[in-house]
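Asks: Next come the chains, spelled out residue by residue.
2 protein chains.
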Amino acid sequence: MTAVDYRGPVSNQAPPGPTRAVRVGVLGCGNVGSALVELLQHEAAAIAERCGVRLELAGVAVRNLAKARAAAVPEGLLTHDARAVATDPRVDVVVELIGGIEPARSCILAALRAGKPVVTANKELLANVGAELQAAADEAGVALLYEASVGGAIPLLRALEVSLAGERVRRVMGIVNGTTNYILSRMSEDGIDYAEALAEAQRLGYAEQDPAADVEGFDASAKVAILAGIAFGADVVAGDVYREGIESIAVADIEFAHRLGYEVKLLAIAELEGEGEGAGIAVRVHPAMLPSDHPLSKVRGAFNAVFIEGEAAGELMLYGRGAGGRPTASAVLGDLLDAAGSLAAGRRPRRVRRRRLEIRPIDELRAQYYLALDVADRPGVLADVARVFGDHAVSIRSMEQVGLGDEARLVFITHTAREADVQATLGDLAKLDAVERIGGLVRVIGPERSG
Amino acid sequence: MTAVDYRGPVSNQAPPGPTRAVRVGVLGCGNVGSALVELLQHEAAAIAERCGVRLELAGVAVRNLAKARAAAVPEGLLTHDARAVATDPRVDVVVELIGGIEPARSCILAALRAGKPVVTANKELLANVGAELQAAADEAGVALLYEASVGGAIPLLRALEVSLAGERVRRVMGIVNGTTNYILSRMSEDGIDYAEALAEAQRLGYAEQDPAADVEGFDASAKVAILAGIAFGADVVAGDVYREGIESIAVADIEFAHRLGYEVKLLAIAELEGEGEGAGIAVRVHPAMLPSDHPLSKVRGAFNAVFIEGEAAGELMLYGRGAGGRPTASAVLGDLLDAAGSLAAGRRPRRVRRRRLEIRPIDELRAQYYLALDVADRPGVLADVARVFGDHAVSIRSMEQVGLGDEARLVFITHTAREADVQATLGDLAKLDAVERIGGLVRVIGPERSG
Chain P
501 MTAVDYRGPV SNQAPPGPTR AVRVGVLGCG NVGSALVELL QHEAAAIAER
551 CGVRLELAGV AVRNLAKARA AAVPEGLLTH DARAVATDPR VDVVVELIGG
601 IEPARSCILA ALRAGKPVVT ANKELLANVG AELQAAADEA GVALLYEASV
651 GGAIPLLRAL EVSLAGERVR RVMGIVNGTT NYILSRMSED GIDYAEALAE
701 AQRLGYAEQD PAADVEGFDA SAKVAILAGI AFGADVVAGD VYREGIESIA
751 VADIEFAHRL GYEVKLLAIA ELEGEGEGAG IAVRVHPAML PSDHPLSKVR
801 GAFNAVFIEG EAAGELMLYG RGAGGRPTAS AVLGDLLDAA GSLAAGRRPR
851 RVRRRRLEIR PIDELRAQYY LALDVADRPG VLADVARVFG DHAVSIRSME
901 QVGLGDEARL VFITHTAREA DVQATLGDLA KLDAVERIGG LVRVIGPERS
951 G
Chain Y
501 MTAVDYRGPV SNQAPPGPTR AVRVGVLGCG NVGSALVELL QHEAAAIAER
551 CGVRLELAGV AVRNLAKARA AAVPEGLLTH DARAVATDPR VDVVVELIGG
601 IEPARSCILA ALRAGKPVVT ANKELLANVG AELQAAADEA GVALLYEASV
651 GGAIPLLRAL EVSLAGERVR RVMGIVNGTT NYILSRMSED GIDYAEALAE
701 AQRLGYAEQD PAADVEGFDA SAKVAILAGI AFGADVVAGD VYREGIESIA
751 VADIEFAHRL GYEVKLLAIA ELEGEGEGAG IAVRVHPAML PSDHPLSKVR
801 GAFNAVFIEG EAAGELMLYG RGAGGRPTAS AVLGDLLDAA GSLAAGRRPR
851 RVRRRRLEIR PIDELRAQYY LALDVADRPG VLADVARVFG DHAVSIRSME
901 QVGLGDEARL VFITHTAREA DVQATLGDLA KLDAVERIGG LVRVIGPERS
951 G
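Line by line, the protein sequences are chains P and Y.
The opening position of the first sequence corresponds to residue 501 in the working numbering, with each subsequent residue numbered one higher.
The opening position of the second sequence corresponds to residue 501 in the working numbering, with each subsequent residue numbered one higher.
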C-alpha cells in the first residue's frame with residue numbers, strides 16, 4: 501500500500517432519513533435496570549442523531565417502588581405488573597432484567613408471542629430454558645437478544661454469532677466471573693489467603709454475602725452454557741456443565757504454579773471434539789493452571805476475558821468489564837438498537853441453527869493434572885503413592901516434596917492422563933494411611949512441557 | 501443466582517427451514533482471495549448446515565491465472581474481467597480483494613449500483629473514498645461491509661457499530677500493524693536494533709521488501725481512519741491522520757522506557773473531544789510510551805489489539821491476528837454471511853449516520869513527552885537546554901544524563917505540555933551548538949506520575 505490521500509468526489513452527507521421512535525418496556529429496575537433507565541434518559545438524543553432511532557421509555561415494571569424512584573423513573577411509567585408491560589400494545593421492545601426463572605420466563609414468552617423483540621441479561625434463564633425462549637422467538641419471527649448475559653459490555657455473543665459465522669470455532673475459554681478472578685488475583689499477587697480475599701471482595705461489593713453462585717462456579721457454568729450454545733450451534737444447559745469452584749485453591753498451590761510458569765484461573769471452557777456425526781462438546785468450569793504468558797493469565801482483578809480459537813481466524817481474545825450496572829446496561833442498549841433495526845426490517849431470521857451435539861462427560865477429558873497431597877513424612881510413602889498412580893496408568897511428569905514433618909506435602913504434575921484414571925487414583929490415594937489430605941487438584945492447560 | 505437445572509419443556513429442534521443458495525463473485529485472488537476460495541470450498545457444507553445459507557463460488561476475477569489455479573479455482577469460473585464479475589446477474593454478493601484504489605473503486609461502485617452487497621478488505625480504498633462507496637451503498641439500499649479491512653479476524657467494526665451502538669465511545673487506541681509491533685517487540689524483548697529487527701521481519705514475511713507502508717505508519721493511518729469513522733460516526737480519511745513511524749526509535753529509548761515502567765508501541769489513536777456542536781476528533785499514529793501494566797503493552801509480536809474506552813461500557817480490548825490470508829478471509833466470510841442475511845431481509849438500512857466533526861490538528865495535542873538529545877558533554881549545556889524548554893513553557897518532569905563524552909545523551913520527560921510548544925522547543929534546541937542530534941521524541945500515554 502502506498503500513501504494516497506484522495507478524497508472521493510461525492511459528498512458524504514447523505515440525507516439522514518426520518519428518525520423512528522421505538523418504545524421500550526423495562527421489566528425490573530435493580531442495578532442494571534436503573535443504569536439502563538439513566539442511559540436512556542441521558543443518551544436518547546445522541547443515539548437518535550447517531551442511529552436514527554429515538555428510544556422512549558414506555559413502562560417500567562418493578563417490585564420495589566422506592567428503588568425505581570431512585571433511578572428517576574417518571575411516576576406515570578411505574579407499575580408492579582411486569583406481564584402488563586410485556587404485552588402492552590404501546591411497547592415495541594421488551595427488556596427483561598428481573599433475573600431468575602419466574603416470572604421472567606412467562607413475561608418473555610408473553611412478549612415474544614405478542615410479536616415484540618426481547619432483550620435480556622438473564623443468564624440463569626437462558627442457560628436453563630434458552631431453547632424454549634428461542635423457539636418462541638423463532639415462531640414469532642422476532643429477535644431474542646442477550647449480549648448482556650455474558651461478559652457485561654464485552655461484545656462476545658455477536659462476535660461469535662455474526663462475525664465468526666463462517667468460522668470453525670474449536671474452543672472458547674474464558675474468565676467469565678469477576679468475583680473469583682478478583683479473589684484469585686489477590687491470592688496470586690499479594691499472597692493473601694482465600695478466606696481473606698473473599699472477605700475483601702465482599703467488603704468491596706464484588707462478592708455477595710452468600711458467595712456460592714460465584715465461588716462454586718454456578719455463575720460461570722450458566723455463562724459457558726450460553727457461549728457454547730452460540731459458538732457450536734448446540735443447545736447446552738447449565739446442568740450439562742461440569743463444575744468445580746475455587747474454594748479448595750490454596751496460596752501454596754498458586755505459588756507452586758508460579759514456580760512452574762503458570763497462573764491459576766477459574767476457567768470456563770467449551771470445546772468441540774470430533775467432526776460430523778461423531779462430533780461432541782466438552783463444557784466445564786474449574787480452576788486451571790494456564791501458562792503465565794497466555795493472554796488470559798494477564799487478566800487481573802474483576803475483569804473478564806474470553807479466548808476464542810478458530811481454525812481460520814486463529815486466536816482471538818475479547819476483554820473488558822464483565823459485570824456492573826453501567827457496562828451491562830451498555831450491552832442491553834446495543835441489543836435494543838439491534839432489535840429496533842430488526843423491527844423496521846420485518847421478520848427476523850434466526851442466525852444460527854441449533855443441532856444436537858453429544859455432551860462429553862468429564863471422565864473422558866485428557867489433560868495434565870497438578871495434585872497436592874499432605875502426607876506423613878516417613879520412608880516408603882513416595883513408593884506407596886507412586887504405585888497408586890502406576891496402577892491407574894497415570895504417569896508422573898514431576899514430583900516434589902514441599903515442607904518437612906507435619907508440614908510435608910507432595911506435589912505432582914502428571915503427564916497427559918484420562919480424567920477417569922486420575923479420579924480413580926485419587927480414590928485409592930485417599931485410602932492410603934500415609935495420605936492425610938488430598939489438597940488441590942488443578943487441571944493444566946496447554947501443551948506438555950519437557951522438563 | 502442459585503443452582504437451577506431445569507430443562508424447558510419445549511423441544512428445541514425447530515424445523516431448520518430451507519437452505520438458500522447465495523452466489524459469490526470474488527475480485528482478486530492473492531493471499532486473502534486464495535484463502536477465501538479455499539474456505540468456501542471446504543466450509544460451504546458446514547456453513548449451510550449452521551446458517552441455512554449455501555455460499556457458491558460464481559466467478560473469480562484475477563490478474564494472474566497461475567495464482568488462481570494454485571488456489572484450485574475451477575477453470576470455468578476464472579476471468580480477467582473484474583467488472584464483468586461485479587455486475588454479473590448470476591452473482592448475488594461481490595467480494596473485492598484487489599486492493600488499491602482503481603480498479604477496485606469502479607468495480608465496487610458498479611456492483612453496488614447493480615444492487616449487490618459488497619464485502620471488501622481494502623483499507624486503502626475505504627480510508628480514501630469510503631464516503632463515496634457508502635453513499636452508493638445507501639442509495640442502492642444494500643450492505644457495504646469491511647470488517648476484514650482492520651485487524652484481520654478481530655471482530656472490531658461490528659463491535660463498534662452494532663454492539664456499542666448506544667455507547668458514548670471516548671477513545672479507540674490500538675496496535676493495528678503487526679509488522680511494526682513485531683519489530684518493536686524484538687527490540688524490546690531481545691535488545692536487537694531496528695535495522696536487524698526489520699531485516700528479520702522481512703525474512704519471516706512479516707514485512708515487505710519496501711517496508712514504508714508499515715514502518716512509516718501509512719497502514720495504521722488507513723486503519724485508524726476507518727475505526728474513527730465507525731466509532732464516532734464521522735467521515736475521516738487517511739490524510740486526516742497525523743502520522744509518525746517507528747524508524748527513529750532506538751533500543752536505548754526502549755530501555756529507558758522500561759526503566760520508567762513503560763513499553764514503546766506504535767499506537768493508532770482516535771479520540772473524541774468536546775460535546776455537541778463543539779465536538780471534534782483527534783486521529784493520529786505515532787510511537788508512544790504506554791504503562792507496562794496496560795493491556796496493550798502485553799500485545800507481543802505480530803498480534804494486533806484495539807482498546808476501546810466508553811463512558812458506560814468502561815474499558816474493552818479486542819485482540820487477535822491482525823493480518824494473514826486465513827484470518828482475513830475468516831472476517832470476509834462473516835461479512836458474506838451477514839450480507840447474505842440482509843439479501844433475504846430486503847433493503848438494508850444504514851446503521852450509523854455520519855456527521856461532520858472537526859479534525860483537531862496535532863498542534864493542539866496535550867501530552868507528556870519523552871525526548872532524547874545527543875549533546876556535547878561540557879559544563880553549561882544543561883542550562884542552555886533547560887532555558888529553551890522554559891522559553892516555550894514546557895515544564896521538565898525528569899532529566900537524566902546517559903553516557904559520557906562523545907556518547908553523552910540527555911533524556912527528558914516533560915510534564916503535560918502542548919504539542920505546538922514542544923515542537924517549537926525542538927526547533928530551538930536544534931539551533932544550539934551543543935545539541936548534536938535530536939533523537940527520539942515519544943509521546944507518553946496515561947496520567948502523569950509523581951516522581
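Don't take each hint at face value.
[Claimed, not checked] Quick look at which bits of chain P chain Y covers, simulated, 3 or more residues with Cβ under 8 angstroms: (1) 580–591; (2) 817–831.
[What the hints assert, rightly or not] Taking CB as the label site, the calculated pair distances span: (3) G761(P) - L578(Y): 47 to 53 angstroms; (4) V902(Y) - E689(P): 28 to 34 angstroms; (5) G780(P) - A614(Y): 40 to 46 angstroms.
Hints listed in this document are in silico derivations from the structure and should not be mistaken for laboratory results.
Glycine included, each C-beta is placed from N, C-alpha and C at the ideal position.
Asks: So, for every hint listed, does it hold in this structure?
Replies: Evaluated hints:
With a cut-off of 8 angstroms between beta carbons, the stretch 580–591 of chain P has 0 residues touching chain Y; three or more are needed, and the interface restraint is violated. With 11 residues bearing a CB less than 8 angstroms from a CB of chain Y, the stretch 817–831 of chain P meets the requirement of three and the coverage assertion stands. Restraint check, G761(P) to L578(Y): a C-beta distance of roughly 51 angstroms satisfies the suggested window 47 to 53 angstroms. Remark: the range hint 28 to 34 angstroms for V902(Y) to E689(P) is upheld by a beta-carbon distance near 32 angstroms.
At roughly 45 angstroms, the beta-carbon separation of G780(P) and A614(Y) lies within the given 40 to 46 angstroms, and the hint holds.
The structure fails hint 1 only (numbered hints given earlier).
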